Amino acid sequence: MQSKFLVQYEKREVRNAYAFLTPILIVIFLFILFPVIGTLWKSFYQDTSFLPFEFVGFRNYAQILSDTKFWSALVFTLLFALATVVLEAVFGLIFALLLNESFKGRGIMRAVILIPWAIPTIVSAQIWRLMYDYTYGIINHLLTSLGFIADKVSWMGTTSSAFWALVISDVWKTTPFVVIILLAGLQAIPQDIYKQARVDGAKMFKRFRSITLPLVAPVLLIALIFRTIDAIRIFDLVYVLTGGAPGGTTETLSFIGYNYFTGDIFGMGSAISVITFIVSFMITILYIKLGRFEKNIK
Amino acid sequence: MREKNIKSILIFAGVLFLLAFALSPFIWMMIISLSDRPDFLGNAEVDYIFTLKNYVEILTSRRLHFMDYFKNSLFISIIVSVAVSVIASFAGYAVSRLRFPGRIAVPLFVLAMSMFPQISIVGYLYTIFADLGLLNTYIALILPYIAWTVPIALWINMSYFAQIPVDLDKAALVDGASRTKTLFKVILPIALPGIFSSFLLVFIACFNEFLFAMMLTTDHIAQTIPVGIALFRGTHGEIPWGNMMAASAIASVPLVILTLIFQKYIVQGLSAGSVKG
Chain A
3 MQSKFLVQYE KREVRNAYAF LTPILIVIFL FILFPVIGTL WKSFYQDTSF LPFEFVGFRN
63 YAQILSDTKF WSALVFTLLF ALATVVLEAV FGLIFALLLN ESFKGRGIMR AVILIPWAIP
123 TIVSAQIWRL MYDYTYGIIN HLLTSLGFIA DKVSWMGTTS SAFWALVISD VWKTTPFVVI
183 ILLAGLQAIP QDIYKQARVD GAKMFKRFRS ITLPLVAPVL LIALIFRTID AIRIFDLVYV
243 LTGGAPGGTT ETLSFIGYNY FTGDIFGMGS AISVITFIVS FMITILYIKL GRFEKNIK
Chain B
740 MREKNIKSIL IFAGVLFLLA FALSPFIWMM IISLSDRPDF LGNAEVDYIF TLKNYVEILT
800 SRRLHFMDYF KNSLFISIIV SVAVSVIASF AGYAVSRLRF PGRIAVPLFV LAMSMFPQIS
860 IVGYLYTIFA DLGLLNTYIA LILPYIAWTV PIALWINMSY FAQIPVDLDK AALVDGASRT
920 KTLFKVILPI ALPGIFSSFL LVFIACFNEF LFAMMLTTDH IAQTIPVGIA LFRGTHGEIP
980 WGNMMAASAI ASVPLVILTL IFQKYIVQGL SAGSVKG
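Protein chains in written order, with this note's numbering: chain A, 3 to 300; chain B, 740 to 1016.
Keep in mind that the hints were calculated from the coordinates and are not lab data. Since this is a predicted model, take the numbers as computed values, not measurements. C-beta atoms are modelled at their ideal positions from N, C-alpha and C, and glycine is treated no differently. No incorrect hints appear here.
Where chain A lies over chain B, by a calculated footprint (3+ residues, C-beta under 8 Å):
(1) 753 to 759
(2) 771 to 785
(3) 856 to 862
(4) 874 to 886
(5) 934 to 947
(6) 1002 to 1008
Starting from the given sequences, assemble the full structure and let the hints guide the process.
As structure tokens, then:
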């Protein structure tokens, strides 16, 4: 009698669970999985106005892989991800260490660091665009009046200065995210370890190197994975700040994909989107291998 | 003693650096938005004149449609955050409380789905919504936004639900409450801070989103603030920096205030899972 009741109860629990999960699974199937499969499917087709919609096998991929524009965009995107993630790790660590100390006004500082994070990316891109502006920009004004440069510089005029302009804007906007994650990691370190180290006579920098850094490393890695994945799909900043200029040399993978889509070349756009996904997936795997997550989980 | 001195110098320098880092671009935006002309620097003939005209123009000009963008952004973001909170609460409850086949697989699947870059979704979404005649409507943004933000909300909710003792559910269930009732009467009131922090993160994410909005909408009927600001054009071809910075300030100041007031929830939401996981 009782076991029959139990079986019924368990059945009802399972039914409940699936009912509770139905909405989330439906939206994810319809608006993520289905479009992703659609993109994969379209990447093997010729899909553009005035030409027949037909299966072309790997032609879109072959065309992209033989295009120097793609390779330069790939390199540019990876360099952008590398530069931003390294700088964000450095600044993020500095600010997190600072905000983990106790001093007057710490609460306000913890709020202030969130301001760049709260500003929409497009807005921050426009602010930086104004600051880099040749005529009106405060950066040219400061550098010339302080005597660092003799003449105004067209920051979007060369690939390398446009690259750093993008990197600086992105670092400004997203460092707060790294700070918050790292701060949570720092707060999880037991204070007793530091007390013991002080008793043993370990100096400040020694304590940082042999206690703080190793203990916060796993959290830093997680923050950097999130940041790398985000940096590889960068689009909005490029769209506003450089628009791909000069001469398309600051185009990123997402930017190329977007241009194909708006240029009504959906097959090619789909193929490059698939490649973007594969690149970001491979980098995640690489990180997880490097971080030896299996070991950390134990 | 010496270490203490070094430390306080470092802290002082760090605070100055942090203030300069976080605030200068924001302050510069405010200064230009309140200036008569954007070129008062380095131009001896132009003085800085304080004015509100940039804001007045932005808020009253019918041609710029700025209030439309703002209204669209607000409406879409609120609908999505509410929907995501409900969907992710049910899902979070099932994953953290009920025993069923796939208990581990479902959250991992949902997280994996959030790994796809937006660009690999948006092209086909465009095709779907074009076929359905839904381009340039709220629905074309609301539905993808829900799917795009629900994974993070689920993970935040899970980490909060997991901290609530299971005995509370059991007590309610013994009293004859259904699972749905348990969720709403027992769990949600306790987990409200967690739900609220995922609500805030989802709201801000939707308010800021650009690529979907850019592809799936075409004019002020459904375009959101980021698109409006990205496509901002002056009447004479030159960039109206004063107006643009005023628009930027209007778009970001509410978010900044929201973030400063609810700092605690946002920090908890952002760091949920990443530290324990």
